[in-house]
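Listed in order, the protein sequences are those of chains E and R. So the first sequence is numbered by this note's numbering: it starts at 1 and just counts up by one. So the second sequence is numbered by this note's numbering: it starts at 159 and just counts up by one.
Hints are computed from structural coordinates only; laboratory data are not their basis. One or more hints might be untrue.
[To be verified] Listed below are the simulated DSSO-like cross-link pairs for lysine-lysine, each with C-alpha atoms no more than 30 Å apart in a straight line:
1. K260(R) - K77(E)
2. K388(R) - K138(E)
3. K302(R) - K260(R)
4. K79(E) - K388(R)
5. K283(R) - K302(R)
6. K272(R) - K212(R)
7. K391(R) - K77(E)
8. K161(R) - K548(R)
9. K284(R) - K212(R)
10. K548(R) - K77(E)
11. K79(E) - K497(R)
12. K246(R) - K548(R)
13. K138(E) - K513(R)
14. K346(R) - K302(R)
15. K260(R) - K136(E)
16. K513(R) - K346(R)
17. K246(R) - K272(R)
18. K79(E) - K548(R)
19. K79(E) - K346(R)
20. K302(R) - K136(E)
21. K77(E) - K161(R)
22. K138(E) - K212(R)
23. K246(R) - K212(R)
[Unchecked claim] From chain E, some residues computed to sit far from chain R (all C-beta separations above 10 Å):
24. Y55
25. L85
26. D95
27. P96
Just so you know, even glycine gets a beta-carbon here, dropped at the ideal spot from N, CA and C.
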Amino acid sequence: MISEKDITDFIYREAELLDTMQWQAWLELFHPEGRYWMPLEWQQQDPVLQPSLMYEDLLLLKVRVERLAGERTFSQKPKSRCHHLLQAPSIVACDPGAGVFKARTSYIYTETRGDTLERYSGWASHDLVEVGDALKIKLKRIDLVNFDAPFGNIQLFM
Amino acid sequence: MTKYGRNAQAIAALVREAEVHRDVYVDPEIFELEMEHLFPNSWIYVGHASQLAKSGDFITATIGRQPVMASRHSDGSIHVFYNRCPHKGVKIASEPCGNTGKFFRCPYHAWSFKTDGSLLAIPLKKGYEGTGFGDTQANAGLSKVKNVVIYRDFIFARLSDNGVSFEDYFGESLSTIDNMVDRSPEGKLAVQATPIRYMHSCNWKMLVENQTDTCHPMVAHESSAGTAVKVWKREQGDATETPMAVQLYGPFMSPYEFYEQSGIRIWPNGHGHTGVANSIHSNYQDVPGYLDQMVAAYGEQRAHEILGEVRHNTVYFPNIMVKGAVQILRNFIPIAVDKTLVESWVYRLVGAPDKLYERALMYNRFINAPTSIVGHDDLEMYERAQEGLKSNGNQWVNLRRLYDDHEEPDVTAVINGTSERQMRNQFHAWAKFMTMDMDKDMDKRIEAAE
Chain E
1 MISEKDITDF
11 IYREAELLDT
21 MQWQAWLELF
31 HPEGRYWMPL
41 EWQQQDPVLQ
51 PSLMYEDLLL
61 LKVRVERLAG
71 ERTFSQKPKS
81 RCHHLLQAPS
91 IVACDPGAGV
101 FKARTSYIYT
111 ETRGDTLERY
121 SGWASHDLVE
131 VGDALKIKLK
141 RIDLVNFDAP
151 FGNIQLFM
Chain R
159 MTKYGRNAQA
169 IAALVREAEV
179 HRDVYVDPEI
189 FELEMEHLFP
199 NSWIYVGHAS
209 QLAKSGDFIT
219 ATIGRQPVMA
229 SRHSDGSIHV
239 FYNRCPHKGV
249 KIASEPCGNT
259 GKFFRCPYHA
269 WSFKTDGSLL
279 AIPLKKGYEG
289 TGFGDTQANA
299 GLSKVKNVVI
309 YRDFIFARLS
319 DNGVSFEDYF
329 GESLSTIDNM
339 VDRSPEGKLA
349 VQATPIRYMH
359 SCNWKMLVEN
369 QTDTCHPMVA
379 HESSAGTAVK
389 VWKREQGDAT
399 ETPMAVQLYG
409 PFMSPYEFYE
419 QSGIRIWPNG
429 HGHTGVANSI
439 HSNYQDVPGY
449 LDQMVAAYGE
459 QRAHEILGEV
469 RHNTVYFPNI
479 MVKGAVQILR
489 NFIPIAVDKT
499 LVESWVYRLV
509 GAPDKLYERA
519 LMYNRFINAP
529 TSIVGHDDLE
539 MYERAQEGLK
549 SNGNQWVNLR
559 RLYDDHEEPD
569 VTAVINGTSE
579 RQMRNQFHAW
589 AKFMTMDMDK
599 DMDKRIEAAE
């Protein structure tokens with residue numbers, strides 16, 4: 001039976017995989033139909049007919065991960081690194097009967113490359129499903145507090 | 159002591175037949191002169207009339223670095239002003255868009271202006287009686303940008319009082335905007351989405367040049383588009399349909415021969431486009447119902463003409479690029495000599511199926527976002543160029559691909575699609591619009607000094 005602690009442990013584990021650049025293990029956290037979404041509008045409802053920074057399925061996330069390791073990926077010479085500082089996730093739903101597991105996590109995200117360091121703040125919303133005994137990501141939604149500001153390259157995952 | 163100020167000759171010398179001096183990208187004085195001469199002398203995109211649907215609607219923009227705003231007046235007319243109160247210079251509007259109601263009101267001292275810019279009221283007006291206020295520029299209200307043309311809902315402005323007329327400036331290049339608008343069965347576009355904004359640590363002209371650089375995609379984007387093609391081949395299994403995402407990424411990996419034969423068309427005044435015969439946008443899957451709508455609206459022949467014109471990137475000199483086939487406009491806004499804000503707008507084809515809007519929005523976030531892997535490839539190149547050009551070992555940037563010494567400036571021509579001629583065309587226009595008012599300025603300054 002999935003507990004609230006399982007949800008928070010899942011979220012901490014996910015951040016750890018990203019911070020230690022275990023990209024393949026991170027991809028395995030996604031449900032085959034899972035999505036990673038970064039909206040571009042305040043309280044956005046529609047990822048398809050409203051503009052987003054990212055709305056990607058597993059195929060596109062695999063492309064990103066494979067690209068990061070590419071011999072001719074010049075924007076990764078030198079490589080980027082990232083750091084997630086998470087507030088304790090707040091559980092939005094934990095309903096094993098209905099199979100609904102949702103949490104919202106406030107975070108500060110740092111991405112560095114060479115001599116530059118950029119910080120971003122926002123909220124990550126996890127919509128998880130149970131597959132076998134494990135949780136998988138159906139939707140990870142990233143709402144930046146300044147989603148409408150012009151950023152330079154964001155190459156890793158929040 | 160300035161190197162280039164008041165010196166039209168020195169500026170013109172930066173542009174050779176097929177080379178440009180690196181100062182055009184790295185010299186802060188050149189950037190200041192671009193703000194003072196090039197941008198005011200050129201026709202600059204301000205916004206789209208659909209953003210000003212109702213009376214009192216306004217948008218803000220910059221021309222060069224100068225803040226401007228456009229508004230819809232109660233009689234339906236559109237006006238463009240400098241975005242500053244005539245009193246103390248406070249910006250009247252600070253948001254990208256909004257509705258001001260019947261009048262603008264300066265938040266500092268409550269001077270108010272009608273939506274056509276004229277002065278409406280000043281508190282305690284009697285304090286100005288007998289002061290000569292009526293003779294000041296402030297009495298006229300918000301300073302107007304006089305040269306404004308709205309072409310098929312695209313609002314362009316030229317700040318200089320004198321210069322090339324809109325029709326002469328753009329000429330036949332307007333055919334790309336025509337094609338984009340005609341792709342709506344109602345002949346109408348609408349802005350319904352905030353633009354994707356992306357900050358670039360490089361000179362604005364590098365971005366403009368890259369729009370017609372057809373020899374970089376298969377190299378610089380091997381990492382993104384190439385990986386997308388590779389991963390799809392591996393993962394597709396027995397899928398019968400290529401996902402929209404792979405349809406969009408895949409053509410970036412087309413070989414040189416594809417770009418060679420697809421061609422480039424150049425026009426006078428620095429405009430030009432890639433993808434004459436066909437383009438990377440030619441082979442997208444048909445959207446059900448769309449062709450029928452177009453045939454119903456335009457007739458069989460005209461509908462096929464419109465949809466058969468699948469241009470790649472059209473550069474409108476100096477600083478926008480339009481993609482008619484996917485309804486995107488990129489605005490390369492200069493911030494500093496080594497800093498450029500890119501705003502990428504999507505237009506919805508009014509009356510067309512949602513799928514086309516979905517595709518345009520997808521293309522925009524795949525290619526033009528700070529989270530775009532194609533964008534990462536490009537920005538890396540621009541930033542390396544911005545750094546590399548500080549080197550004194552070679553002070554010239556080479557634009558000689560397919561150069562022929564009989565090339566005439568300011569002509570219309572269709573040429574091999576891997577030519578760097580459109581870049582040469584842009585720099586010819588650059589020198590022209592940088593210097594066209596300099597001699598007159600100098601004359602005025604000399605007169606004033608005498």
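Given the proposed pairing of K138(E) with K513(R), does the C-alpha separation stay at or below 30 Å? Answer holds: K138(E) to K513(R) is near 23 Å, not above 30 Å.
Does K346(R) sit within 30 Å of K79(E), going by the straight-line distance between their CA atoms? violated, 45 Å
Can you confirm whether the C-alpha distance between K79(E) and K388(R) stays at or below 30 Å? Judged against 30 Å, a Cα distance of about 22 Å means the pair holds.
With the threshold set at 30 Å, check whether the alpha-carbon distance from K346(R) to K302(R) stays at or below it. holds, 28 Å
Holds or violated: K302(R) and K136(E), Cα atoms, limit 30 Å. violated, 58 Å
Verify the proposed pairing of K284(R) with K212(R), using a straight-line Cα cut of 30 Å. Roughly 34 Å between the alpha carbons, so the hint for K284(R) and K212(R) is violated.
Within a Cα-Cα threshold of 30 Å, do K302(R) and K260(R) meet the stated pairing? holds, 18 Å
Beyond 10 Å from each Cβ of chain R, as asserted for Y55(E): Its Cβ does come within 10 Å of chain R, the nearest being 7 Å, so this is violated.
Pair hint outcome, K246(R) versus K212(R) [Cα-Cα no greater than 30 Å]: holds, 29 Å
Say whether it holds or is violated: L85(E) keeps its Cβ farther than 10 Å from all Cβ of chain R. Per Cβ check, L85(E) is outside 10 Å of chain R; nearest 20 Å; holds.
Agreement of K548(R) and K77(E) with the hint, judged by alpha carbon distance not exceeding 30 Å: holds, 20 Å
Could you grab the alpha-carbon distance between K283(R) and K302(R) and see if it respects the 30 Å cut-off? holds, 23 Å
This entry does not satisfy hints 1, 9, 12, 15, 19, 20, 21, 22, 24, going by the numbered hints stated previously.
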